[in-house]
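*Asks:* Could you build all of it, start to finish, from the sequences and the hints given here?
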Amino acid sequence: MATPAPRLKVATTSLAGCFGCHMSFLDIDERLFELLEHIEFDRSPLTDIKTCGACDIGIVEGGVCNAENVHVLREFRSQCRILVAIGACAITGGLPAQRNHLDLADCLREVYQTDPGTPGGRIPNDPELPLPLDKVHPIHEVVRVDYFIPGCPPSADTIWKFFTDVLAGRTPTYPHGLIHYD
Amino acid sequence: MSTSPTFTLDGREIPFEAGQTVLQAALTADVYIPHLCYHPEFKPHGSCKVCTIKADGRHVSACTWPARHGMVVENATEELDDLRRTLVQMLFAEGNHFCPSCEYSGHCLLQAVGYDLQVETAGFRHFFPVRPVDASHPEVWLDLNRCILCELCVRASDEVDGKHVFGLSGRGAGKHLIVNALSGRLADTDMAATDKAAEVCPVGVILKKKAGFRVPIGERPFDREPVSAQAARYAPRPPARHREED
Amino acid sequence: MSIASPAPQPAAALGAILERHDRRPEQLLQILREVQEHLGHVSDDIQAHIARELHLPLTRVRGVVGFYAFLSATPWGRYRVLFSDNITDRMQGNMDLLDHLCRRLLLEPGHPSEDGLVSVDTTSCTGLCDQGPGLLVNGRAIPAISRERLDLIAELILEGRPVTAWPAELFAIVDNVCRADMVLDNDLDPGDAVRAALARGDMSQVEQAANTRSWREANVAPPQGPLATLNEIRSANLRGRGGAGFTTAYKWESCRNAQGEQRYVVCNADEGEPGTFKDRVLLASHADLVFEGMTVCAYVVGAGRGFLYLRGEYRYLLGALEETLARRRRDHLLGRDILGTPGFSFDIEIHVGAGAYVCGEESALIESLEGKRGIPRNRPPYPVTHGYLQRPTTVNNVETFCAAALIAAHGGDWYRATGTPKSAGTKLMSVAGDCARPGIYEVPFGTTVAELLAMSGAEHTQAVQISGPSGTCIGPDEFERRIAFEDLATAGAFTVFDESRDMFEVARNYAHFFAHESCGFCTPCRVGTTILAATMDKIHDGHGTPYDLEEIATLDRVLNQSAHCGLGHTSCNPTLDTIKRFRPAYELHLKDLDFEPAFDLDGALRRARQMTGRDDPGAHLTTEPES
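Chains as they are written, first to last, in the numbering used here: chain Y, 1 to 182; chain S, 183 to 428; chain G, 429 to 1055.
It is worth saying that the hints were derived from the structure and are not from the lab. Note that this is a predicted model, so its numbers are computed, not measured. Be a bit skeptical, because a hint or two may be false.
[Claimed, not checked] Which residues of chain S face chain G? A partial, calculated answer using Cβ under 7 Å:
(1) LEU265
(2) ARG313
(3) VAL342
(4) SER351
[To be verified] Straight line, CA to CA, 25 Å or less: simulated DSS-like cross-link-like pairs of lysine-lysine:
(5) LYS345(S) with LYS800(G)
(6) LYS966(G) with LYS225(S)
(7) LYS225(S) with LYS392(S)
(8) LYS50(Y) with LYS9(Y)
(9) LYS1019(G) with LYS966(G)
(10) LYS236(S) with LYS225(S)
Glycine included, C-beta positions come from ideal geometry on N, C-alpha and C.
*Replies:* Dropping the structure here:
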C-alpha cells in the first residue's frame, strides 16, 4: 500500500509579533517546495485565509497583547492538534512585553494625549479596535502549547529542522547552532 | 600512597586533589557539569543548584560537595538534566531575560546552559518583575532585570576588590542586589570598570560602557561552541585581575 | 521598653544601644532589632550610622534589615499590629478580625495610617495556636483576639497610650498544660542537674587544668565527669527534639572532640514551625531546666559560652529569662568556676530573632547569631566542627536541653524506661485546631494519634497535620500511627482539622507560609515556593486544571532534589499530602479543562476599558474559550 500520506494541514498567524518569524519561514527557500509535498496551508498570512479550519499544526508568532490576540489564539488551539509557539515574542512575550513594567493607562496617555504624539487627543474607543490587555503574555500563559521554536527569529534551518522532525514523527530537537534565544 | 585519589563520574575515573569539590575536580579533568553561580576563581557558593548531581545516590550540589575517594557520581542522566532544565526555566521565568536586545547574548552563561539543556521555553508563568536599570555610573551599566542572584559580583567585590560594592537584601522572591551607597546609585559607590566585580557577571547585569558589540553577535563564545565543550575554561584557578574577556 | 513613646531620642538611644553591644559586628542583628524597637524603624541614615560605627559596609546592614520581617527601613507607625496568620488563626476568623480592626482604625492592611500612628498587617504563626487568634503589637503578644478586645486595642491606639501602659490582662498568656510527665512535672531544683553531673567526676582532674586555655583539652586523661555524663546521655538514647531526631550524644561527642580554641552551646528557641508552641511554655515556666541542660552540655563538650536564640515573636519572655539568668549567676550556676568547680566557666547570652522561620535551621541560626542574614550554610562542614565564628558548636532544641538536664540528674536508665525502644522519653505535643482542649500534652513516645485526639477532645476529625507544614498530613485511616522517631517523627505540632475544613485551603495557607519564609538563597526554593503559592491561588480563584496538579508534582520533585535546606525540601509536603489523601478537596476547585490561564483575562482588559470608556461585548473576554 504505497499511497502517499495525506498532506498535513498547517495554519500560521502572527499575534503581537513583527512577522519576522514568518519571513524566516520563507527563508527556507527552495526547501519550501519539498515541504509543500507534505503540508498544505490553511489560515495564514501566506494564503490570506482569514479563519482557521481543522488543522494538524498551528504555528503562532507573537505574544498576546490584546483581546483579538486571545480570540485568534483560542481559535488556533481549538482547531489545531499541535500548537507551536515560534519566536521570542510567542515564547517570552518578547519586545512587546517590555511594556509590562508600565501602567497601561500611562502608555495610552503617553501615546494619544501627550506630546510628542497627539497632544490633547482622545484614546481611541472604536469597538472595531481590540482592547489591549494590561500585560503582554507569552502564548503558553493563555493556552496549552505543544512545541516551542525559540529565536528572534529562529533561523530558517531551525524551522526546517522542526518540520522535518515533526513530519518524521520525531520530537523536535535543536542542536547547538540551531537553538538561539536572540 | 603514590596514586592520587579518584571518584567515578558517569563511570569515568576523575582524579582529585585534597580539598577539591566534585565540580572543581571534574572541570579540571575537562569534564563538564552544568553550573551557573560557580566561577573558577571563587570559592563555590551552591545557590543556583544547576550543578546538582547524585553522589553515592544522594542529590547534592557538585560545586560544594567535597570529592571523596571511591565516590560514585551520576551527572549526565536524564533525571538530572530534567531537574537542571526546570531550574534554568525557573530563572528565565523569574527575571526579565530578553535575549534579542541583550548586549551579553552569546556571552551569557544562563543562555548557554539553556541551549545545552534544550530549554525552549520558561514553561512557567513569567513573573515580569519590575526591576531598575542603573545607568548612573560613567563606566558601568547595571541592569537588574537579568540578575540571577548568583552573588558573584558580591563575592568579587568583597574578596578581590575589597570594596563591598554589591550586596543582597530582601528575602525569598523579594531578594535583590543592592549597591553600597546611601543613594542606592552605582555612581555613588567605589565601583570602577577595572574591578573584578565588573567582569564576573555570568549574565548581562554588569556591563562595561563603551565596549558593547566589540565581538559581533554570532561570533561569541557560546555562539561558536556549546558551553559543555568548554569545561576546561572553568577549571579552578587563582583570582586574576583585569583578565581580558573572550 | 519605651516602644510607643511619642518622641524617642534617636541619637541617645542609638548611642546607648551601640555601647551596650560594644560595637561588635556580630551584634548587628541585636543592635538593629533594638533600634527598631525604640524608634519604630531603622532609617537609611541610621543604617549608615550603624555601618560606620561597626566598620561594616552599608550593604551588609541593608541586607540584614531587608531580610528579617520585623525590621524596616521605613516607619510602620508608632503602633505596629501584626495578626498571626497560621491556619489555626484562619480557622478562628483572624481575617474578619483584621478587617474589623482596619475599619475601626480607618486604614488598609499593610499601609501605615497617614498620620504615622498605626499599621496593621499579618505575620507568620506567633505560637499562640492554643489561645488564638493571636497578634503582636510592637512585638508584644496578645492572645485570644476577639472583636471586643480589638475594640479596646483600637481605643488604646487612638488615644496614643504606650503599649507598656496597656491593661496587663491583654497580654496574659497561659501555659495550657493538659498533660504533664517527666519534663513538665520534674522535681528538679535549679542546680540539681549540674551538681549531679559534677558529682560523677573526679574534681581534681578539672582543677589541674583550671588555668589553661581550655581546661578540657589540657588534660591528658579526659576528666571523668563530662564523659560520665556523656555516657548517661548516650545510654538514655536521647534524640533531638527539633524534628530531625539526631542522636544527641553523638552531636555532643563530635563537638567535644572537634579542634578549636573555644566551644559554644546554642539553644534553638526559634520555634517557628506553624502550630508549635511547646518551647513557649518551657521558656515561660521551666527556664531553669533549659539553662540547666545547656550548662550540662557546656560541661560535657567544654564550652565557655552559650546562646539562647529566642524567636522575635517570644520577645515578651526576654525580661523573665534575663532575670532567671541573673539569678543563676548569683547562685554560681553560671559564670566563672560554676558551683566552685575551678575551670568550669560558662555563661549564656540571649539573642532575639527578628521574624525569620528559616533561622530555625541550625546553620542559618548560627549565621543569624553572627549578625548576618539567616542563610543556611553549605554542609559539610557541620556546626559541631565549624559553627559560631567557625568554631565547634552544639545546637539543640529547647526540649532536648530539658531532657538532657533530667538525664544528668536521674541517669540514662531512668530516662530510657519511658517511651519506645527506639524513641526514649516523652514528647511535648502542641495540640491545636479543632479540639475541645487545645494545649500542651507531654506524652511518652509511642502514644498514638488517636489517643492524643481522644485526650484533647477532638471529634469528627478529618485530618491531623503532624509537625507543622514541613511534616506530614494524615487522615483517619492512619490515626493508629504513633508519635515516635520510627513512625511519625515530629517537632511537636499537632494541628487538628475536623470534617468541616477544606483541606485545600489548609495546604494553600501553608504554601504561602513557605513562599513568605524562603530565604531566597537557592533557585528552587526562591522561585519554586513562589510558583507553588501562585498555583494554589490560581486553583482557589477557580482557574485550576489537572495540568496545575502536574505542575505541583514537578515543583515537588525539583524542590526535593535540589533545594538548599529543609525548608525547600519540605515546602510541597502539605500540598502533596493533601492531594494524595484529600484529592476531592482539590477536584472541587478544578475546571474540567486541560488548561486555563493563571490570570483573569477579562480583568486584564479592565484598565483599557477604563481608559476608553468602552463596555461593548468586544471589550470583554469570557473565561471559557469560545468553541
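*Asks:* Compare the structure with each hint and give your call.
*Replies:* Right, here's what the structure says about each hint:
{"no.": "1", "hint": "LEU265", "verdict": "holds (5 Å)"}
{"no.": "2", "hint": "ARG313", "verdict": "violated (15 Å)"}
{"no.": "3", "hint": "VAL342", "verdict": "violated (15 Å)"}
{"no.": "4", "hint": "SER351", "verdict": "holds (3 Å)"}
{"no.": "5", "hint": "LYS345(S) with LYS800(G)", "verdict": "holds (18 Å)"}
{"no.": "6", "hint": "LYS966(G) with LYS225(S)", "verdict": "violated (40 Å)"}
{"no.": "7", "hint": "LYS225(S) with LYS392(S)", "verdict": "violated (31 Å)"}
{"no.": "8", "hint": "LYS50(Y) with LYS9(Y)", "verdict": "holds (15 Å)"}
{"no.": "9", "hint": "LYS1019(G) with LYS966(G)", "verdict": "holds (11 Å)"}
{"no.": "10", "hint": "LYS236(S) with LYS225(S)", "verdict": "holds (21 Å)"}
Hint violations for this structure: numbers 2, 3, 6, 7, all remaining hints satisfied.
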